[in-house]
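> Residues per chain, in single letters:
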Amino acid sequence: MIGIIDYGVGNLFSLKSSFEAIGEEVFVSGDTTELSRADGLILPGVGAFADAAQKLRDSGLDKFVREAAQNGTPLMGICLGMQLLFEKSFEYGEHEGLGLLKGQVVPMNGSLPSDLKIPHIGWNGLNIADNTCPLFRNIKDGDCVYFVHSFYAEGCEDSLAATTEYGKELTAAVAKGNVYGCQFHPEKSGTVGLEILRTFSNISKNA
Amino acid sequence: MITKRIIPCLDVRNGRVVKGVNFEGLSDVSSPVELGKYYSDCGADELVFYDITASAEGRALFTDILTQVAKTIFIPLTVGGGINTLDDFDRVLKCGADKVSVNSGAIRNPGLITEAAQKYGDQCVVISADVKRVDGVFRVFAKGGRENTGMEAISWIKSCVDRGAGEVVLNSIDTDGVKGGFDLEMLKAVSDAVNVPVIASGGAGCIEDFVTLFHTLPKVDAGLAASIFHFGEVQIPDLKKVLRENNINVRL
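If you read the sequences in order, they're chains G and D. Per my numbering, the very first residue in the first sequence carries number 1; after that it's consecutive. Per my numbering, the very first residue in the second sequence carries number 1; after that it's consecutive.
Hints are computed from structural coordinates only; laboratory data are not their basis. Note that CB positions come from ideal geometry on N, CA and C, so glycine has one too. Don't take each hint at face value.
Which residues of chain D face chain G? A partial, calculated answer using Cβ under 8 Å [claimed, not checked]:
no., residue
1, Arg-5
2, Lys-94
3, Val-196
Lysine-lysine pairs mimicking DSSO-like chemistry, simulated, CA-CA at most 30 Å apart [as the list claims (entries may be wrong)]:
no., chain 1, residue 1, chain 2, residue 2
4, D, Lys-241, G, Lys-168
5, D, Lys-241, G, Lys-63
6, G, Lys-117, D, Lys-219
7, G, Lys-117, G, Lys-102
8, G, Lys-176, D, Lys-241
9, D, Lys-94, D, Lys-119
10, D, Lys-158, G, Lys-102
11, D, Lys-71, G, Lys-140
12, G, Lys-140, G, Lys-117
13, G, Lys-168, D, Lys-179
14, G, Lys-205, D, Lys-119
15, G, Lys-117, D, Lys-94
16, D, Lys-158, G, Lys-168
17, G, Lys-117, D, Lys-158
18, G, Lys-55, D, Lys-71
19, G, Lys-168, D, Lys-188
20, D, Lys-241, G, Lys-88
21, G, Lys-55, D, Lys-119
22, G, Lys-176, G, Lys-63
23, D, Lys-119, D, Lys-241
24, G, Lys-205, D, Lys-71
25, D, Lys-119, G, Lys-117
Throw the hints in and build the complete structure from the sequences for me.
Here you go:
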């Protein structure tokens with residue numbers, strides 16, 4: 001059973017529906033007792049890093065997520081949820097993340113060729129950096145997934161699982177032990193995305 | 001590198017897709033859910049649902065339908081039509097839309113773009129503009145292309161982007177329905193003026209029109225069409241294959 005962590009950020013409708021579509025049991029909750037029953041946890045997120053990090057802290061869910069991950073529960077951050085896994089973000093200031101993964105989140109603005117549009121929106125190919133990453137068991141190099149973001153993770157070489165080319169190689173996915181992250185939206189990435197969610201569900205069941 | 005997007009647009013009235021559709025193998029050719037799934041399965045990169053309902057009952061029905069579509073199809077969904085307030089944004093986003101397209105609502109109240117972008121993010125707000133040449137000047141038309149607002153189109157679109165619109169759908173009234181190709185001159189003027197994705201709409205008649213679009217204007221991000229897809233004149237898998245053969249990067 002997959003638990004989607006609800007901390008008041010973003011719309012969880014599509015994410016929940018996508019697990020339902022692949023026949024996985026799923027629930028949305030902000031309650032730690034309920035969430036602790038899940039085999040695997042999804043940390044979603046859209047919007048601003050500082051606001052989301054604050055909401056996680058205010059709800060006490062930051063502590064819960066950190067502990068669950070340290071206790072071996074499979075955890076997958078999606079989009080901003082992935083960015084929150086890192087030590088810090090430089091999105092309009094400097095903000096602390098969950099620190100589950102080494103690395104930081106930085107703006108595209110100023111570090112990409114100036115003719116590229118920001119945000120990076122659309123379907124882009126995955127370049128799988130770590131062939132042993134269980135999340136990509138059924139995914140081919142070059143498979144396209146859907147991105148919407150203006151900031152990206154860097155300094156995360158030790159967890160880098162896939163990149164995507166947009167002016168330079170941007171972090172597309174990370175994995176370290178039981179902690180996973182996708183910068184893209186698997187719930188909006190057609191069959192490829194659903195396959196990644198299915199794989200995460202299977203990882204969770206077998207954890 | 002990011003791929004060029006192919007986007008079918010479905011007009012929905014009272015819960016049904018209008019502009020008859022002509023497909024084999026669909027049990028209900030005017031069901032938005034079935035058609036959406038059909039397009040998603042054959043490789044559409046995004047779907048646009050346009051609510052052309054006039055009544056409150058029709059609007060409620062549209063919202064129900066959208067929820068069903070969003071439960072079935074896992075590619076980005078854009079919704080337009082009848083978006084006049086933040087509550088309208090809220091209504092369709094809660095049903096699973098990813099982006100909301102505004103047109104007449106933004107003409108009446110440009111502040112809607114600012115408020116929506118602040119609340120939901122730039123990536124969520126699409127400005128859709130119906131544009132037509134009047135005495136050699138690009139003018140913005142409102143109310144489904146019936147009313148000349150008198151506004152110059154390029155500066156209008158730029159002002160919308162400055163307010164936070166994250167994407168532009170440019171529909172050329174001059175080429176719409178003619179099937180003689182996209183309005184390259186108008187699209188160039190817009191894509192040179194803004195630094196957000198531009199979606200070309202109006203005029204596609206065949207596969208070659210998309211090849212010409214992306215070759216001539218590499219800054220255009222997507223091609224949108226309705227009837228040529230609905231009537232099967234252009235099949236999306238064929239279109240993408242030809243684009244790929246012409247070195248245009250698409251998702252296969």
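> Given the hinted pair Lys-119 (chain D) and Lys-117 (chain G), is their alpha-carbon gap at most 30 Å?
holds (21 Å)
> Next pair to validate is Lys-55 (chain G) with Lys-71 (chain D); report whether the Cα-Cα distance is within 30 Å.
Given pair Lys-55 (chain G), Lys-71 (chain D) holds - Cα atoms ~28 Å apart, limit 30 Å.
> Can you verify the interface hint for Arg-5 (chain D): is its Cβ closer than 8 Å to any Cβ in chain G?
holds (6 Å)
> Does Lys-119 (chain D) pair with Lys-241 (chain D) here, judged by a C-alpha cut-off of 30 Å?
The hint is violated at about 39 Å.
> Verify the proposed pairing of Lys-117 (chain G) with Lys-158 (chain D), using a straight-line Cα cut of 30 Å.
holds (15 Å)
> Please work out if Lys-176 (chain G) and Lys-63 (chain G) have their alpha carbons no farther apart than 30 Å.
holds (19 Å)
> Run the distance test for Lys-205 (chain G) versus Lys-71 (chain D): straight-line Cα separation, threshold 30 Å.
holds (24 Å)
> Are the Cα atoms of Lys-117 (chain G) and Lys-94 (chain D) separated by 30 Å or less?
holds (27 Å)
> Given the hinted pair Lys-241 (chain D) and Lys-63 (chain G), is their Cα-Cα distance within 30 Å?
With a Cα-Cα distance of about 49 Å, the restraint between Lys-241 (chain D) and Lys-63 (chain G) is violated, given a limit of 30 Å.
> Lys-71 (chain D) and Lys-140 (chain G) were given as a pair; does the straight-line alpha-carbon distance stay at or below 30 Å?
holds (26 Å)
> Take the C-alpha atoms of Lys-158 (chain D) and Lys-102 (chain G), compute the straight-line distance between them, and say whether it is at most 30 Å.
violated (40 Å)
> Do the alpha carbons of Lys-117 (chain G) and Lys-219 (chain D) lie within 30 Å of each other, as the hint requires?
holds (10 Å)
Comparing the model with each numbered hint stated earlier shows that hints 5, 8, 10, 13, 14, 20 and 23 do not hold.
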